[in-house]
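Student: The listed protein sequences derive, respectively, from chains A and B. The first sequence begins at 1 in the working numbering and counts up by one. The second sequence begins at 1001 in the working numbering and counts up by one.
Careful: at least some of the hints might be erroneous.
SDA-like, lysine to any residue: derived pairs with alpha carbons at most 20 angstroms apart [as the list claims (entries may be wrong)]:
#1 92/A to 1185/B
#2 165/A to 71/A
#3 136/A to 181/A
#4 92/A to 79/A
#5 92/A to 1170/B
#6 92/A to 3/A
#7 92/A to 80/A
#8 165/A to 58/A
#9 165/A to 204/A
#10 167/A to 1210/B
#11 92/A to 1311/B
#12 191/A to 235/A
#13 165/A to 1190/B
#14 120/A to 1036/B
#15 120/A to 1123/B
#16 167/A to 70/A
#17 92/A to 1189/B
#18 92/A to 1312/B
#19 191/A to 204/A
#20 167/A to 204/A
#21 120/A to 1190/B
#22 165/A to 189/A
#23 191/A to 214/A
#24 165/A to 1020/B
#25 92/A to 1020/B
#26 120/A to 1259/B
#27 165/A to 1189/B
These stretches of chain B come out as covered by chain A in the derived footprint (C-beta under 8 angstroms, 3 or more residues) [as the list claims (entries may be wrong)]:
#28 1099-1106
#29 1182-1193
Calculated Cβ distances over 12 angstroms to all of chain A for the following chain B residues [as the list claims (entries may be wrong)]:
#30 1119
#31 1126
#32 1133
#33 1150
#34 1157
#35 1170
#36 1222
#37 1223
#38 1226
#39 1268
#40 1282
Hints in this document: simulated from the structure, not taken from any laboratory. All C-beta atoms, glycine included, are put in the ideal place defined by N, C-alpha and C.
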Amino acid sequence: MAQGLAINGLCTSFGGLQVARDVTVTLPPGSRTALIGPNGAGKTTFANLITGVLQPSSGTILLDGQDIAGLSEAARVRVGIAKTFQITNLFKDLTVRENLRLPMLERTGLTSRIFCRADKNQEIEAEILQLLTDFKLAPLADRRVRSLAYGQQRLVELALTLALKPKILILDEPAAGVPSTESHLVVEAIKRLPADLSVLIIEHDMQLVFDVADRIIVLVNGAVLMEGRPDEVTADPRVQELYLGGVHA
Amino acid sequence: MSELATRPSVRTAALSLGSIWPVAVVALGAGAAFFLFPYDLAFLTRIVIMMVFVLSFDLILGYAGIATLGHAAMYGCGAYAAGLVALHISPDPLLGLVFGALGGALIAWLSGLVLMRAHGMTLLMISIAVTMVLQEAASKARWLTGGADGLPGVSVSPIFGWFEFDFVGQVAFIYSVCVLVAVLVFCQLVVGSPFGLALKGIKGSPSRMRAIGTPVYRRKVTIYVLAGAIAGIAGALAAQVTGLVGIEVFNFSLSADVMVMLILGGAGRLYGAIIGTLIFMVVHHVAAAIDPFNWLFVIGAMLLVVVFALPQGLISLPDRLIRTFRRT
C-alpha cells in the first residue's frame, strides 16, 4: 500500500475544454512539490480536483491506498486533505484564536454540540496556544483577523489549515498579494511546516519555488509537461522555452 | 491558566457570570414594568412575545447570516398547533408550548431542506412564498382552522393547574416573561457553544467552512429548525394569551417587522433583539396613538438613521459614544 497521495490518469473538462489530461502524480509523505505552469495551465483546477471542489471525469485519487475520488469536499478534509486559498479566505470578524478554534472543533467532531462552551476545551485551547506560538501569532491572538496586515492573515490561514492536522497540504499561491517586505515571513513559515506533511505549492514566484520545493511539476494545457528536481527542470529546454521564449504548445 | 487547567472538559460551566447579567436585566426590567404599568400588561405581554420571536430570528440572521422574509411561517404554525391542541386535545398551556415548538420546528425542517440550499434574493423570495402558501392553506382548510374567521375561542387551563389566567393579564405577563428568560438562556447556550461558533464561521465564509470539513448545509438546516421551534413557541404564547388564532399570523408584515426590529436593535448579539423589539413596539404604540395614519413614518425615519449612522444597531450606541468622546 503506497503512502501519501497517488493520482492516476486524472481527466476532466469544462464543456469541450479539457482542463486536466491524464495527469499522473504522486505526493509521498514529507515531499515538497511545486506545481508551476503558465496562466490557464489548469493548476487551480488540479488543486480543486484533489480537494473535491470538482469531480474528475476519469482517473483515481488514492490517499494511503484508499480511493477518495468519490468523497465530498468536507469528507476529504476529514481524511486529511487541506488547502489555503489563492486569496485569503478567513473568518474576518472572528479573532485569530477563534479562527484556529473552529478547524480544531471541526476536526474533533465537536461543532454539532450545543450544550457545552466552545472555548472551554482544555486540550483544544492548549493546542491553539501551541500553534499561535509556532507561528509567532501569540501577541495577535485576540485581534480580529480583519485588522491584521495581509502577510499576517496569510500566516493565520496557514496555521488554520495546520489545525486540521492534514496529511496533504495544498498551498494555492501562498505569497500572492503579500507585500515583498512580508513575504519572507510566509517563506519561513512554509519551511517550518511539519517534516512528515506532504505539501503541494502552486506558485508563480520562482524564487519561492526554488526556496522551498524539492520537486517541481510543470503543467501545460492541463497535461504534465515534465517532473523532476529543481535543477533538472530549469535545465530542460522545453521549460526554458515556456518561461523565456513565451511560445508554447 | 491555572483556573483553566482545573476544568475537566468541554462540558463544564455552561453559563458563566458574564452571560447571566442580560438575563438578570431582562428579569428586573420586566419586574419594574409589571409594577410601573399595571394597566398596560396586555401590551407589555405582546412586547415580551415579540422579543421571543425576534430572538429566534437573530439566531438565523444575526449568527448564521441567513436572511429570510418568511419567519412568520414558523410563528403561525406554532400558533395554530397550540390553538388546535388547546381545542381538541388538552387545555394545558405547557403542552401547548411543546406542540407550538414542534409545529414551528416541523415547518422549518420541511421548508428548510429547500430554503437552505438557496441564497440571497432567491432565498428571500422562496421564504415569502412558503409563508403565503401556508396562509392560503390556513384560509382554505376551514374544517381545521376555521378559515378566515380563525380558531374560535382558544382557552387554556391554569398553569401547573394552579395559576389561572386572569382578566388584567398578570399571570399571562409573568408566564411570558418566564418563557422569554428560558429562551434567552437557551439562545446564550447555543451561541456560546461549538455549534454557535460554527454558525459565525458560516456567516463569515461558507467556502472556508467547507474547506475545514463542515457540512454547511446540514448546520444551516439545524439552526433553522431550532429557530423555527422558538418562533413556534412565540406563536403558541400569542395564541394562548390572546385566545385567538387567525390567518393574520402568516402576514408578510409580521416577517418584515421582525427583520426591522432586529436591525434596529442590532443583529448577532441577542440583547440587540430585545432592545430593538422594545423600542419598535413602544414607538409604534405611542406614535400610533398620536397619529394612527402616519406612525410608520417615525419607524421609517428611525430605521434610516440607524442603518446609516449605527450599522451595528442601537445596541452599539454606548460604544460609539464612548469612542467619540475619547477621540475629542
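Student: Which of the numbered hints above does this structure break?
Tutor: 1, 4, 5, 6, 7, 8, 9, 12, 13, 14, 15, 17, 20, 24, 25, 26, 27, 28, 36, 37, 38 and 39
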